[in-house]
Amino acid sequence: MPQKINKISILKYENNIRVYYEDTDSGGVVYHANYLKFAERSRTEMLRKYKIEQEKLKNDYNIQFVVKNLFIEYYHSAKLDELLNVKSLIIKISSAKIIMEQSIYKKKKLLAKIDITLGSVNQIGKPSRIPKYILNSLNTV
Numbered sequence: 005m006p007q008k009i010n011k012i013s014i015l016k017y018e019n020n021i022r023v024y025y026e027d028t029d030s031g032g033v034v035y036h037a038n039y040l041k042f043a044e045r046s047r048t049e050m051l052r053k054y055k056i057e058q059e060k061l062k063n064d065y066n067i068q069f070v071v072k073n074l075f076i077e078y079y080h081s082a083k084l085d086e087l088l089n090v091k092s093l094i095i096k097i098s099s100a101k102i103i104m105e106q107s108i109y110k111k112k113k114l115l116a117k118i119d120i121t122l123g124s125v126n127q128i129g130k131p132s133r134i135p136k137y138i139l140n141s142l143n144t145v
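Here the sequence shown is numbered in my numbering, starting from 5 and rising by one per residue.
A portion of the hints provided could be inaccurate.
[Unchecked claim] Here are the simulated DSSO-like pairs of lysine-lysine, each with C-alpha atoms no more than 30 Å apart in a straight line:
{"no.": "1", "residue 1": "16", "residue 2": "53"}
{"no.": "2", "residue 1": "112", "residue 2": "41"}
{"no.": "3", "residue 1": "101", "residue 2": "16"}
Hints are computed from structural coordinates only; laboratory data are not their basis.
With these hints in hand, go ahead and build the complete structure from the sequences.
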């Protein structure tokens, strides 16, 4: 069940993703788990846009983001060669987690909606504070 939180938009990002053969199942539609891959790629590009690179976090700050929980709801299917639009919205940032909402569209039709909480952990998996430079980068946009 998705979390009930106040939706205060801190940061928005959009990108397009094309559906390839590798994304489809035997019925010719996007395999359900691949919507999560599309969302992850979009989250990564969103961070990259704001100069937050995951390799740097791991090597210089000894942290990484992991999925703490997520809820996905599917509405419609996507098919081979369609161009999808992924909209990512950071709703809340705290000292050790980021709460996001991601929506995947084909044209203006909503295909899937994902509520996701990312946790910041160190290299041995223990919760760790998000570095101040990230908080500053995201809060000054």
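Consistency of the hints with the structure:
Between the alpha carbons of residue 16 and residue 53 the distance comes to roughly 11 Å, so the proposed pair stays at or under 30 Å and holds. Of the pairs offered as hints, the one joining residue 112 and residue 41 holds, with about 20 Å between alpha carbons and a cut-off of 30 Å not exceeded. For the hint pairing residue 101 with residue 16, the CA-to-CA distance comes to about 17 Å; that is within 30 Å, so the pair holds.
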